[in-house]
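K.L.:
Make the full structure from the sequences, and use the hints.
Line by line, the protein sequences are chains A and B.
The first sequence: position 295 = 296 (this note's numbering), numbered continuously.
The second sequence: position 316 = 317 (this note's numbering), numbered continuously.
Just so you know, the hints here were simulated from the structure itself, not pulled from any lab data.
Treat identical chains as interchangeable: a pair holds within one or across any two.
Calculated cross-link-like contacts (lysine to any residue; reagent style SDA-like; alpha-carbon spacing at most 25 Å): (1) Lys380 x Asp285; (2) Lys153 x Lys260; (3) Lys153 x Ile215; (4) Lys396 x Glu484; (5) Lys503 x Glu575; (6) Lys260 x Gln158; (7) Lys272 x Tyr3; (8) Lys586 x Met185; (9) Lys153 x Gly253.
Here the structure is a predicted model, which is why all the values come from computation and not from measurement.
Protein chains: 2
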Amino acid sequence: MYRSHNCGELRMSHQGQEVTLSGWVQKTRNLGGLTFVDLRDRYGITQLVFNMDTDAELTEKARKLGREFVIKATGLVAERGSKNPNRPTGDIEINVTTLDILNPAKTPPFTIEEETDGGDDLRMKYRYLDLRRAPLQRNLFFRSKLAIETRKYLADQGFIEVETPNLIKSTPEGARDFVVPSRMNPGEFYALPQSPQTFKQILMVGGFDKYFQIVKCFRDEDLRADRQPEFTQIDCEMSFLTRDEILATFEGLTKNLFKEMLNVELEDFPKMAYDEAMERYGSDKPDTRFGMEFVELTKESRGKDFPVFDNAEYVVGICAQGTAETYSNKDLKKLTEWLQRPQIGCKGLVYVKWNNDDTIKSTVGKFYSDDDLKGWLSKAGAEKGDTLFVLCGEKEKTQKQMNELRLELGRKLGLMDPKVFKPLWVVDFPLLEWDEESERFHAMHHPFTSPKVDEIPNMMNGDHEAMKRLKADAYDLVINGVEIGGGSIRIHDKELQSKNFKLLGFTEEEAEAQFGFLLGAFEYGAPPHGGIAFGFDRLNAVMNGVDSIRDFIAFPKNNSGRDMMIDAPSPVDEEQLNELYLDLKPIEKEES
Amino acid sequence: MYRSHNCGELRMSHQGQEVTLSGWVQKTRNLGGLTFVDLRDRYGITQLVFNMDTDAELTEKARKLGREFVIKATGLVAERGSKNPNRPTGDIEINVTTLDILNPAKTPPFTIEEETDGGDDLRMKYRYLDLRRAPLQRNLFFRSKLAIETRKYLADQGFIEVETPNLIKSTPEGARDFVVPSRMNPGEFYALPQSPQTFKQILMVGGFDKYFQIVKCFRDEDLRADRQPEFTQIDCEMSFLTRDEILATFEGLTKNLFKEMLNVELEDFPKMAYDEAMERYGSDKPDTRFGMEFVELTKESRGKDFPVFDNAEYVVGICAQGTAETYSNKDLKKLTEWLQRPQIGCKGLVYVKWNNDDTIKSTVGKFYSDDDLKGWLSKAGAEKGDTLFVLCGEKEKTQKQMNELRLELGRKLGLMDPKVFKPLWVVDFPLLEWDEESERFHAMHHPFTSPKVDEIPNMMNGDHEAMKRLKADAYDLVINGVEIGGGSIRIHDKELQSKNFKLLGFTEEEAEAQFGFLLGAFEYGAPPHGGIAFGFDRLNAVMNGVDSIRDFIAFPKNNSGRDMMIDAPSPVDEEQLNELYLDLKPIEKEES
Chain A
2 MYRSHNCGEL
12 RMSHQGQEVT
22 LSGWVQKTRN
32 LGGLTFVDLR
42 DRYGITQLVF
52 NMDTDAELTE
62 KARKLGREFV
72 IKATGLVAER
82 GSKNPNRPTG
92 DIEINVTTLD
102 ILNPAKTPPF
112 TIEEETDGGD
122 DLRMKYRYLD
132 LRRAPLQRNL
142 FFRSKLAIET
152 RKYLADQGFI
162 EVETPNLIKS
172 TPEGARDFVV
182 PSRMNPGEFY
192 ALPQSPQTFK
202 QILMVGGFDK
212 YFQIVKCFRD
222 EDLRADRQPE
232 FTQIDCEMSF
242 LTRDEILATF
252 EGLTKNLFKE
262 MLNVELEDFP
272 KMAYDEAMER
282 YGSDKPDTRF
292 GMEFVELTKE
302 SRGKDFPVFD
312 NAEYVVGICA
322 QGTAETYSNK
332 DLKKLTEWLQ
342 RPQIGCKGLV
352 YVKWNNDDTI
362 KSTVGKFYSD
372 DDLKGWLSKA
382 GAEKGDTLFV
392 LCGEKEKTQK
402 QMNELRLELG
412 RKLGLMDPKV
422 FKPLWVVDFP
432 LLEWDEESER
442 FHAMHHPFTS
452 PKVDEIPNMM
462 NGDHEAMKRL
472 KADAYDLVIN
482 GVEIGGGSIR
492 IHDKELQSKN
502 FKLLGFTEEE
512 AEAQFGFLLG
522 AFEYGAPPHG
532 GIAFGFDRLN
542 AVMNGVDSIR
552 DFIAFPKNNS
562 GRDMMIDAPS
572 PVDEEQLNEL
582 YLDLKPIEKE
592 ES
Chain B
2 MYRSHNCGEL
12 RMSHQGQEVT
22 LSGWVQKTRN
32 LGGLTFVDLR
42 DRYGITQLVF
52 NMDTDAELTE
62 KARKLGREFV
72 IKATGLVAER
82 GSKNPNRPTG
92 DIEINVTTLD
102 ILNPAKTPPF
112 TIEEETDGGD
122 DLRMKYRYLD
132 LRRAPLQRNL
142 FFRSKLAIET
152 RKYLADQGFI
162 EVETPNLIKS
172 TPEGARDFVV
182 PSRMNPGEFY
192 ALPQSPQTFK
202 QILMVGGFDK
212 YFQIVKCFRD
222 EDLRADRQPE
232 FTQIDCEMSF
242 LTRDEILATF
252 EGLTKNLFKE
262 MLNVELEDFP
272 KMAYDEAMER
282 YGSDKPDTRF
292 GMEFVELTKE
302 SRGKDFPVFD
312 NAEYVVGICA
322 QGTAETYSNK
332 DLKKLTEWLQ
342 RPQIGCKGLV
352 YVKWNNDDTI
362 KSTVGKFYSD
372 DDLKGWLSKA
382 GAEKGDTLFV
392 LCGEKEKTQK
402 QMNELRLELG
412 RKLGLMDPKV
422 FKPLWVVDFP
432 LLEWDEESER
442 FHAMHHPFTS
452 PKVDEIPNMM
462 NGDHEAMKRL
472 KADAYDLVIN
482 GVEIGGGSIR
492 IHDKELQSKN
502 FKLLGFTEEE
512 AEAQFGFLLG
522 AFEYGAPPHG
532 GIAFGFDRLN
542 AVMNGVDSIR
552 DFIAFPKNNS
562 GRDMMIDAPS
572 PVDEEQLNEL
582 YLDLKPIEKE
592 ES
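P.N.:
Okay, structure coming up:
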């Protein structure tokens with residue numbers, strides 16, 4: 002037997018009992034004749050005491066214990082002289098009578114504490130040590146519990162969890178697939194799923210009515226800090242329901258998760274059309290924890306001989322409260338430079354300060370009278386002490402830039418309280434995006450998304466321009482500016498699906514080769530259906546007010562897609578490649 | 002709104018209510034002026050009635066409905082004239098007032114009934130239709146519920162579910178890996194996990210204490226009927242526990258699953274050493290629903306001038322009760338031929354019949370007296386009316402053959418009741434298997450399995466022959482002759498692990514390149530740990546008394562590893578291969 006109790010459970014009520022504990026040495030302290038060892042496991046920390054007067058040999062042994070040694074200790078539970086109220090086991094200690102070293106440890110390359118001194122690369126390489134730290138343990142326990150609560154809620158609602166395959170078929174639509182050569186079918190490849198989309202639709206055609214799965218998905222994309230080549234989705238699909246019934250189901254799920262996990266009661270989720278979100282926030286995933294909404298000033302700024310505004314398609318302002326007196330010229334210069342970085346690409350930043358003494362100060366003061374500027378301020382709902390920031394240019398681009406500015410000001414002004422959660426359904430997305438470069442349409446959501454029902458005649462018969470205006474029955478769940486989930490009502494009619502494939506540039510043969518099974522399924526009694534997928538890694542991060550998903554993943558990959566701990570990917574044997582009928586091409590720098 | 006109720010919930014208490022149902026047309030019957038439509042969904046079947054006298058147009062519409070049309074119908078719940086006691090909704094019917102065809106259907110290529118007329122290939126290709134059949138729906142609901150109960154039990158026991166990565170590192174040990182070329186790391190490959198073995202051990206080193214995961218695993222092996230290239234495991238690992246504590250935990254899980262799913266109370270699981278299982282049943286996964294245990298007759302059969310037995314390393318018998326008078330000479334001839342097939346490879350079959358009139362009849366009667374033969378019968382516990390079957394030859398081979406014979410007789414004699422469940426822990430497996438062909442040891446379980454603790458000195462210092470005798474702290478859970486789970490206490494000491502790698506033929510460099518992270522982890526405070534993995538697909542099949550796992554998998558692959566529905570694997574674009582720096586070799590018939 003390695004332990005009678007764990008390191009988190011002993012209390013005064015155990016006083017006098019003989020117990021055995023096992024765990025890791027967090028630290029040792031020698032105080033005169035006494036040696037104290039903090040013994041740690043997943044459940045807590047318990048203090049062990051060794052007394053030189055009682056057992057000198059044992060105490061000498063204890064003194065030699067290094068950090069992270071794995072030991073087993075038996076002794077009597079005793080009341081502590083000086084109690085530690087910050088620790089659940091702080092009332093007691095163990096007077097040790099037997100000590101076994103189960104495994105010694107080299108000195109760890111970084112400290113195993115709440116805050117560590119280890120850099121990212123070191124922590125990734127020694128992930129097994131990083132995982133011993135309380136913050137990572139909390140994160141992964143949170144994740145495990147979130148999965149349990151998700152499954153519980155959905156099962157209670159009559160959903161069935163079905164495992165869909167991981168070795169599927171490569172399709173050029175969407176992101177890049179990871180492919181898997183098939184030894185038994187030489188020259189052919191499986192693909193790892195970017196999502197179980199077609200399978201969950203097939204399950205609806207198969208009559209499963211309510212499906213879910215917490216499932217790994219794969220995308221071979223160039224990675225950013227918040228992307229991983231493999232990620233986890235809560236994937237759901239339902240039959241015979243309208244959009245609003247589907248949204249109500251997943252609003253229920255989300256509310257339940259916040260209540261169970263964080264004891265937060267979310268209010269009913271507002272719905273906002275995509276077009277409205279773009280006008281008010283310049284983003285299809287607005288952070289609605291704070292206002293600072295867009296105010297269009299295109300008309301108001303015209304005709305005053307300021308050519309920059311006169312020639313701009315779009316002029317837009319936002320009001321930053323209380324910044325007129327607190328933002329120095331240096332602050333404003335820095336903000337302007339931040340906006341001028343190539344990632345954002347603003348030409349410049351116009352501001353209008355309404356000082357507390359009622360004076361107006363603006364970078365465009367020589368073109369506009371104080372009355373003009375007060376008109377703008379008033380339209381933006383500004384008050385004395387506020388600053389109005391104004392950007393202009395091509396509309397779509399300027400909306401994006403202003404969205405970045407709004408978020409940056411929100412961060413600077415402390416308007417993004419990580420304890421406040423503001424969910425929002427964004428609905429009525431465009432169905433198709435026209436890509437000028439490739440001269441073709443892309444699906445804004447994916448090729449299986451249905452247009453809104455009153456758009457179907459336009460889609461079947463409309464001209465090219467009408468296609469650009471089609472609205473989809475698609476929806477995103479946004480919380481605090483992060484897209485947590487996205488879904489749509491799906492097409493369940495073969496003609497409509499074929500038309501959509503055609504609009505997306507598939508020939509009939511290509512559509513048949515890649516999605517023939519789905520088109521076939523639609524001919525054998527496909528029910529109306531729709532669904533959603535939640536980004537599970539991201540949901541964890543957002544619920545914890547954290548930006549990066551990496552610390553909610555036990556074994557994440559770095560930005561080159563490498564697992565630093567196991568050192569993967571890696572070369573494989575020639576023999577293995579031969580069995581797969583594959584040759585490696587010579588690897589050179591790409592030509593420019 | 003598509004429905005106010007589902008097709009399984011309406012009862013007499015709903016009489017008079019207006020309801021709306023949606024679903025699939027199971028069948029239509031025209032009886033005079035009335036047309037009846039059975040409407041089906043996941044939840045049940047409800048009878049719709051159309052009356053020519055009340056609404057001729059509507060009834061005409063209903064008469065044209067084909068099988069598997071998807072419809073929506075609104076009407077009043079009414080008591081049925083002739084009730085159907087076999088159907089939960091059999092007391093009522095719906096007098097339909099509105100009918101919408103949501104989606105028509107072509108005539109399905111096979112019947113959507115409890116028993117279908119579709120062959121395997123057709124059912125795989127039209128899996129979405131096969132999935133509508135009640136048996137498959139029951140199987141997948143069973144599977145979903147089994148996963149829920151598994152998670153519930155393990156979470157209640159303090160286990161945390163952690164997702165381990167799917168893009169890992171290829172290792173030549175064990176079965177063949179599926180590999181995934183990495184675009185971002187040209188010339189390098191990920192592998193799909195055969196199991197999360199090293200990751201769960203790393204989680205123990207990381208202090209997670211109790212881990213589980215229901216997880217997809219992958220093996221690129223030639224497929225048999227009960228194998229799939231991707232399969233699902235209940236994967237578990239625990240720290241600071243002895244073998245028997247670990248077995249008790251998973252015995253608890255198994256008992257709980259049988260209780261919750263089948264209302265079966267399993268008795269405590271016996272433990273049997275591998276050596277004993279081989280002696281008594283000739284198998285490390287004996288079906289203990291019936292006896293028919295092996296009786297060694299090597300000594301008893303010697304010295305009577307029957308050279309076949311005199312020269313045999315091993316002579317063994319089993320007693321088939323009540324077959325002396327019921328098995329004809331023709332039956333015995335067929336049984337002998339069955340044993341002589343190359344898959345089993347017996348030279349012949351000896352029998353000793355103890356007839357009800359107390360006479361003895363045997364194929365070896367001219368070598369042995371009735372007293373000799375009665376001695377054998379007595380040793381085998383035979384009674385009048387029984388037959389003793391005897392095989393001989395090289396011991397290990399003969400044990401396997403006799404195991405096959407025992408199972409065949411068990412099937413023929415109806416001794417394998419699918420409603421009876423006999424679990425068994427098989428323990429103390431050999432650590433290493435010597436492979437004569439490659440002249441090297443293989444790990445019987447896997448390279449991370451610990452020898453039993455008192456074997457460690459032998460392992461570190463023993464000679465080659467001693468290595469063959471080493472016992473592992475490994476265990477299998479066997480139910481009704483099927484290996485449901487397997488696991489072991491793991492090595493947690495770097496020296497011992499290095500020694501094991503060396504015995505398995507790894508050079509130090511190879512061990513370091515492939516498992517350096519694990520050897521490193523063992524130096525930083527690895528706790529004693531062990532675990533188990535249950536075959537989840539197989540557990541579903543065994544609990545339902547079914548041999549094949551295929552009907553418990555929503556989208557299985559055929560024996561060539563193909564998904565017949567989506568037609569995967571398939572060729573990929575040249576461009577995609579270029580991005581991966583891969584060339585396809587010309588594919589020819591292999592040379593012999």
